[in-house]
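Top line first, the protein sequences correspond to chains Z and H. Residue numbers are given in numbering that gives the first Met the number 0: position 128 of the first sequence equals residue 127, and the series is strictly consecutive. Residue numbers are given in numbering that gives the first Met the number 0: position 343 of the second sequence equals residue 342, and the series is strictly consecutive.
None of these hints come from the bench; they were simulated from the model. Incorrect hints may have been included.
Claimed, not checked - Okay, the calculated bits of chain Z under chain H, using three or more residues with CB under 8 Å as the criterion:
#, stretch
1, 28 to 37
2, 60 to 70
3, 114 to 126
4, 308 to 316
Where a beta carbon is used, it is the ideal one built from N, C-alpha and C, also for glycine.
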Amino acid sequence: MPSEKKTRRALLWLGFVLLILFLLSFSLGRYGVPPRQVVKILGTRFCELFAGRGALPRSWTKEMETVVINIRLPRIVMACLVGCALSAAGTAFQGVFHNPMASPDILGASSGAAFGAALAILLGASTRMITLSAFGFGLLTVGLVMLVAHRAPGARLINLILAGIILSSLFNAGTSYIKLVADPSNQLPQITYWLMGSLSGTRLPDVPLAFLPMGLGLVPLFLLRWQLNLLSLGENEAKALGVNTSRVRLVLLLSATLITAASVSFSGMIGWVGLVVPHLCRKLLGSDHRYLMPGSFLCGAAFLLLVDNVSRNLLAVEIPIGILTALIGAPFFLYLITRKEEKL
Amino acid sequence: MKRIVTLLLALLLAAALCPGALAESAETRSFTDSVGRTVVLPKDLEKVAVSGPLSQIVLFALCPDKLVGIANKWDETAAMYFDAKYYDLPVLGQLYGGKGELNLETLLNSGAQAVIDVGEPKKTIVEDLDALQEQTGIPFVHVTAATAEMGDAYRKLGELLNMPEEAEALAAYCDRVYAQTVEIAEGVEKKNLLYITGDEGLNVIAQGSYHAEIIDLLANNLAVVESPSSKGTGNEVDMEQLLLWNPEVILFAPGSIYADVANRPEWQTVTAIRNKAYYEVPFGPYNWMGFPPSVQRYLGMMWMSQLLYPEAAQYDLFEAVKEYYGLFYHRELTQEQYDALVMNAIGLQPEALAPAV
Chain Z
0 MPSEKKTRRA LLWLGFVLLI LFLLSFSLGR YGVPPRQVVK ILGTRFCELF AGRGALPRSW
60 TKEMETVVIN IRLPRIVMAC LVGCALSAAG TAFQGVFHNP MASPDILGAS SGAAFGAALA
120 ILLGASTRMI TLSAFGFGLL TVGLVMLVAH RAPGARLINL ILAGIILSSL FNAGTSYIKL
180 VADPSNQLPQ ITYWLMGSLS GTRLPDVPLA FLPMGLGLVP LFLLRWQLNL LSLGENEAKA
240 LGVNTSRVRL VLLLSATLIT AASVSFSGMI GWVGLVVPHL CRKLLGSDHR YLMPGSFLCG
300 AAFLLLVDNV SRNLLAVEIP IGILTALIGA PFFLYLITRK EEKL
Chain H
0 MKRIVTLLLA LLLAAALCPG ALAESAETRS FTDSVGRTVV LPKDLEKVAV SGPLSQIVLF
60 ALCPDKLVGI ANKWDETAAM YFDAKYYDLP VLGQLYGGKG ELNLETLLNS GAQAVIDVGE
120 PKKTIVEDLD ALQEQTGIPF VHVTAATAEM GDAYRKLGEL LNMPEEAEAL AAYCDRVYAQ
180 TVEIAEGVEK KNLLYITGDE GLNVIAQGSY HAEIIDLLAN NLAVVESPSS KGTGNEVDME
240 QLLLWNPEVI LFAPGSIYAD VANRPEWQTV TAIRNKAYYE VPFGPYNWMG FPPSVQRYLG
300 MMWMSQLLYP EAAQYDLFEA VKEYYGLFYH RELTQEQYDA LVMNAIGLQP EALAPAV
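Generate coordinates for the entire structure from the input sequences, incorporating the hints supplied.
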């Protein structure tokens, strides 16, 4: 395991990479905006927000401002949020279940959210209602899973996983049925598109809405990272060290669920991030959750931001990001696990 | 503290007022679309984008030279009927509700002055279009079009695009064909018919479904089921049900079992098959019966009227189809192309072995 000092430095580097990527992303896009104009537009907006008036005379066109502020800004922030949330949830689930295969959809939050979204689309609901319905059903599913696991006798963790699998497949069946009866000329493609995951519909007002549930989930995950370390030692050891295991576990699971449901309801199903990024971080930072958790916040955000940049820039027609995360994530992961250990 | 709050409030107010500043001026005009949204457009719309395949077909007929791109790639057969410069229009992608493959920056890059959505309005249309318009700064316009009111849709589009004469030509064609079809349908005893799809020939387009509009208008659609599917592939049925319905005439969708049905023993007792009263719907560049359900349904109406009721439908189908291709696809249809289109669609008369006219 890398020494503490090195780990800290790696964490700083991650933050730096994310920052650079974040700033760089604003000048990437199909609509050509010169980087200098991007800086000016953002700078002026920033000044307007804090000082009350623009810093520079407008030397850019209205279209440029629209592109940077209305199209790129919300997408870039949302990509960071969703990436951060998914990988944090993945780290939490992997820690709680002592299982490297755990991913954010293990308790059925994604399947439930997908069902909720498909149902809302079938009923002709508005974009906002689709998001709300997805979020609600995501939480409902995990609630049911916890209820079932609570009532079943035997090992709690195994019960949770089993109940998650069972309810996921139930909701998946529901989603399939909705796809069968949906109108193929516009509802079905909308559902299919939603299931593939995409950040293309992100609008400026979505961003503050997403911040709320994600903040509510991310803060406890950050604060409880030391307890997560103890939990991953094993139930008895943690108890012996004075941790109220069931309460801590409940808070961790609820927080992870909250952010998973929130990110799925805003961006659709984006696989891989929650599974791969925690592993990547473990390679970089070791398995101490005190560093691993913030590391996966940063790394997840950077990874999804990178992939979304490819998604919106590679072709004239958008490529759904859920497809790309797998296409980019899988080979990268393969390289990572086959690579010989070397100095960091 | 108070000053900061005041400042913030003032800022908010300024932000809220900003979009409202866009008003009619010398270079712009306002237009109210079919769902009551009023948008400000440039006086002369020279470049427009489409929201999906339906808009694409409808607008291609009216203003092919104003399209900055198309939503979906044309069907390959379109290469035969379209001018190369139209066939090769760049593909911009489609919108599904709020999300979509339509990259908003590509849209802005294309220079489109407006995005036009044609078709049946979705429940959330006003909200969806308002949001897209706010995000991109490009006006989004919806024009409602149903089969019976295609003429009015074209007139509305003519107003939108400042092309009243071109639009009127298309509108008049639609109105004339529709009126003529309704007149024929009202004057005849309707034939018992099934429209069959699917590669096993076990799907029917049921009465009352959106896709059955012209079938229900022109024939007695035997396929009455409990819940008509809104899918283009229709409802699945079994062979026994087909035998029970025992239609006088069968229309097979392109790609169904038209070519093969003579060799299937279980079909031989069906009246339509026994009397050789079965046909394949023409295809090119789209299915004439309407997948997607758009203007090409007018071709289907003319073809079906004459196929089923030749006494009532006294017109030259070739001329009528040629007129359509000229008006809507901007290319002259040759006799060879026409013959290939209707090869399996009008039946070879046993005595003449020539297309029935």
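Quiz item: Taking 8 Å as the C-beta cutoff, is the stated coverage of the stretch 28 to 37 of chain Z by chain H satisfied by three or more residues?
Solution: holds (count 4)
Practice problem: Tell me if chain H covers the stretch 308 to 316 of chain Z under the three-residue, 8 Å CB rule, please? | Solution: holds (count 3)
Exercise. Quick one: see if chain H covers the stretch 60 to 70 of chain Z, three-plus residues with Cβ-Cβ under 8 Å.
Key: holds (count 6)
Quiz prompt | Outcome, coverage of the stretch 114 to 126 of chain Z by chain H - at least 3 residues whose beta-carbon is closer than 8 Å to one in that chain | solution = Since 5 is at least three, the answer is holds.
Hint check: no violations occur; every hint is consistent with the structure.
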